[in-house]
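Engineer: Position 50 of the sequence shown, counting from 1, maps to 50 under the UniProt record's numbering, and the rest follow consecutively.
What the hints contain is simulated information worked out from the structure, not anything from laboratory work. Small disclaimer: the values here were computed from a predicted structure and weren't measured. A few of these clues could be false.
Claimed, not checked - Restraint ranges, calculated between C-beta atoms of paired labels, are given here:
(1) A62 - R128: 50 to 56 angstroms
(2) A77 - T119: 22 to 28 angstroms
(3) Q60 - R129: 52 to 58 angstroms
(4) A32 - D63: 23 to 29 angstroms
(5) G31 - A62: 18 to 24 angstroms
(6) S109 - D66: 37 to 43 angstroms
(7) M105 - Y8: 26 to 32 angstroms
(8) P7 - N96: 16 to 22 angstroms
Here a beta-carbon is modelled for each residue, glycine too, at the ideal position from N, C-alpha and C.
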Amino acid sequence: MHGNVIPYMRACLTRKLEPSFIVMFGSYQSGAERGESDIDVAFCSDQQHSTYKLFLIAQQLADLIDIEVNLVDLRNASYIFQTQIFSRGTVIYCENDFLRMGMQMKAYSMYALLNEEQTCIANSINERRA
1 MHGNVIPYMR ACLTRKLEPS FIVMFGSYQS GAERGESDID VAFCSDQQHS
51 TYKLFLIAQQ LADLIDIEVN LVDLRNASYI FQTQIFSRGT VIYCENDFLR
101 MGMQMKAYSM YALLNEEQTC IANSINERRA
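Kindly generate the complete structure, drawing on both the sequences and the hints.
Structural biologist: Dropping the structure here:
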């Protein structure tokens, strides 16, 4: 079942993970998928989910849609990864837009701060070399 997998993913993930929101990102989201591509899906939930549980859910979903699935819990992802997901992904489910926007703004802010800190470090290194 390739076709439009989003309704199946949304139904399965909302039932099993009770997420506040779900973001699809990666090659399938951008339309650049190839035969070996998997579907990348990030979510945010108030509940803690073990890595093993996420693995089992991803496998169940992959069996349903006939495409490998990579599940990412945004609460456990780095700010850099969160920024990439938010900037390139598409929201396919959102129960709490306030939480989604807050997480997105925090990820962008932390990413900008990291870039500023790296620039300061690089400038300091360049000054020492001169």
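Engineer: For A32 and D63, compare the CB-CB distance with the range 23 to 29 angstroms and indicate the outcome.
Structural biologist: Check passed, 24 angstroms falls within 23 to 29 angstroms.
Engineer: When you take the CB atoms of M105 and Y8, is the distance between them in 26 to 32 angstroms?
Structural biologist: Given about 31 angstroms between the Cβ atoms, the range holds.
Engineer: At the C-beta level, are S109 and D66 separated by a distance inside 37 to 43 angstroms?
Structural biologist: holds, 39 angstroms
Engineer: Taking 16 to 22 angstroms as the stated bounds, is the beta-carbon spacing between P7 and N96 within them?
Structural biologist: holds, 20 angstroms
Engineer: Please check whether A77 and T119 have a Cβ separation lying inside 22 to 28 angstroms.
Structural biologist: holds, 23 angstroms
Engineer: Take a look at whether the Cβ-Cβ distance between G31 and A62 falls inside 18 to 24 angstroms.
Structural biologist: holds, 20 angstroms
Engineer: So the hint says 52 to 58 angstroms: do the beta-carbon atoms of Q60 and R129 match that?
Structural biologist: holds, 55 angstroms
Engineer: Can the suggested window of 50 to 56 angstroms be confirmed for the beta-carbon pair A62 and R128?
Structural biologist: Given a distance of about 51 angstroms, which is inside 50 to 56 angstroms, the answer is holds.
In this structure, none of the earlier numbered hints is contradicted; all agree with it.
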